[in-house]
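K.L.:
With the hints as your guide, set chain B onto chain A.
Protein sequence lines, in the order shown, are assigned to chains A and B.
The opening residue of the first sequence carries number 1 in this note's numbering; numbering runs sequentially from there.
The opening residue of the second sequence carries number 1 in this note's numbering; numbering runs sequentially from there.
Note that these hints are calculated values from the structure, not bench results.
A few of these clues could be false.
[As the list claims (entries may be wrong)] Non-contacting residues of chain A with respect to chain B, defined by C-beta distances greater than 12 Å in every case (computed): (1) N12; (2) V13; (3) N22; (4) A67; (5) Q108.
[Said to hold, decoys possible] To list a few chain B residues with every Cβ distance to chain A over 12 Å, as calculated: (6) P2; (7) G16; (8) Q17; (9) I20; (10) V43; (11) F45; (12) G72; (13) S81; (14) K83; (15) D86.
[Said to hold, decoys possible] 20 Å max Cα-Cα, derived DMTMM-like pairs, lysine to aspartate or glutamate: (16) K42(B) x D7(A); (17) K83(B) x D62(B); (18) K42(B) x D39(A); (19) K42(A) x E56(A); (20) K78(B) x E104(B); (21) K110(A) x D39(A); (22) K42(A) x E3(A); (23) K42(A) x E56(B); (24) K110(A) x E56(A); (25) K78(B) x E18(B); (26) K2(A) x E44(B); (27) K45(A) x E53(B); (28) K2(A) x E1(B); (29) K78(B) x D63(B); (30) K57(B) x E3(A); (31) K42(B) x D77(A); (32) K45(A) x D62(B); (33) K42(B) x E1(B); (34) K83(B) x E104(B); (35) K42(B) x E5(A); (36) K42(A) x E1(B); (37) K45(A) x E1(B); (38) K2(A) x D39(A); (39) K45(A) x E3(B); (40) K42(A) x D86(B).
Just so it is clear, CB atoms sit at the ideal spot from N, CA and C, and this is done for glycine as well.
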Amino acid sequence: RKEVEQDPGPFNVPEGATVAFNCTYSNSASQSFFWYRQDCRKEPKLLMSVYSSGNEDGRFTAQLNRASQYISLLIRDSKLSDSATYLCVVIQTSNTGKLIFGQGTTLQVKP
Amino acid sequence: EPEVTQTPSHQVTQMGQEVILRCVPISNHLYFYWYRQILGQKVEFLVSFYNNEISEKSEIFDDQFSVERPDGSNFTLKIRSTKLEDSAMYFCASDSIELAGSYEQYFGPGTRLTVT
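For reference, chain A alone in the conformation it holds in the complex (with noise of 0.2 Å):
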């Protein structure tokens, strides 16, 4: 099974519309999460970290089910600008901040 899953899409949505993305992880004991954004050809950067409360930043909101080991992120009214590969990231038990990276959801938003 692999660490961490996630459907790579692609996703194609219109402007506007809200999307959700999906991601699993194996290891229970997992300690930190976050979601990344790459754009092709870049490196990632860090979109936001993901707390068992669920947080939000603006139209991103982000949920974490440590029980079903599920992670998900959401945008709201979809920008062009969104178009991008998101990445779902996973710290496990090692104290060396080691980042564990799935596959990564492809997110096409069209006019």
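P.N.:
Chain B only, in chain A's frame:
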């Protein structure tokens, strides 16, 4: 805004040659990382480095790989004898980890390594 820089942006080398990829992490960061991403695949952890020593390395990071922080600002990844399968984008990252569990790794723009 402080940023991680990497040089070169693209490196072409012949199989069997040594390459050194260079990174300048954010100045007050203490934790340094190398990741790689083969075209079309996920980002993979290679190594983490703290207090002038490797704190963790992956199975990919075999004897052909080494890291060094030679002068307090640069952080380098050396591949001693490159193989075709080493062709990938190599990302350097750094982190301050000021708060327990508050990991915010900042990535450099990457070096695209092509082994021919």
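K.L.:
Hint by hint, say whether it matches the structure.
P.N.:
For each hint, the structure was consulted:
| no. | hint | verdict |
| --- | --- | --- |
| 1 | N12 | 19 Å, holds |
| 2 | V13 | 23 Å, holds |
| 3 | N22 | 16 Å, holds |
| 4 | A67 | 20 Å, holds |
| 5 | Q108 | 17 Å, holds |
| 6 | P2 | 14 Å, holds |
| 7 | G16 | 27 Å, holds |
| 8 | Q17 | 24 Å, holds |
| 9 | I20 | 20 Å, holds |
| 10 | V43 | 4 Å, violated |
| 11 | F45 | 5 Å, violated |
| 12 | G72 | 20 Å, holds |
| 13 | S81 | 26 Å, holds |
| 14 | K83 | 22 Å, holds |
| 15 | D86 | 18 Å, holds |
| 16 | K42(B) x D7(A) | 13 Å, holds |
| 17 | K83(B) x D62(B) | 12 Å, holds |
| 18 | K42(B) x D39(A) | 13 Å, holds |
| 19 | K42(A) x E56(A) | 25 Å, violated |
| 20 | K78(B) x E104(B) | 25 Å, violated |
| 21 | K110(A) x D39(A) | 16 Å, holds |
| 22 | K42(A) x E3(A) | 23 Å, violated |
| 23 | K42(A) x E56(B) | 25 Å, violated |
| 24 | K110(A) x E56(A) | 24 Å, violated |
| 25 | K78(B) x E18(B) | 7 Å, holds |
| 26 | K2(A) x E44(B) | 13 Å, holds |
| 27 | K45(A) x E53(B) | 26 Å, violated |
| 28 | K2(A) x E1(B) | 35 Å, violated |
| 29 | K78(B) x D63(B) | 10 Å, holds |
| 30 | K57(B) x E3(A) | 17 Å, holds |
| 31 | K42(B) x D77(A) | 27 Å, violated |
| 32 | K45(A) x D62(B) | 27 Å, violated |
| 33 | K42(B) x E1(B) | 27 Å, violated |
| 34 | K83(B) x E104(B) | 32 Å, violated |
| 35 | K42(B) x E5(A) | 11 Å, holds |
| 36 | K42(A) x E1(B) | 18 Å, holds |
| 37 | K45(A) x E1(B) | 14 Å, holds |
| 38 | K2(A) x D39(A) | 23 Å, violated |
| 39 | K45(A) x E3(B) | 12 Å, holds |
| 40 | K42(A) x D86(B) | 18 Å, holds |
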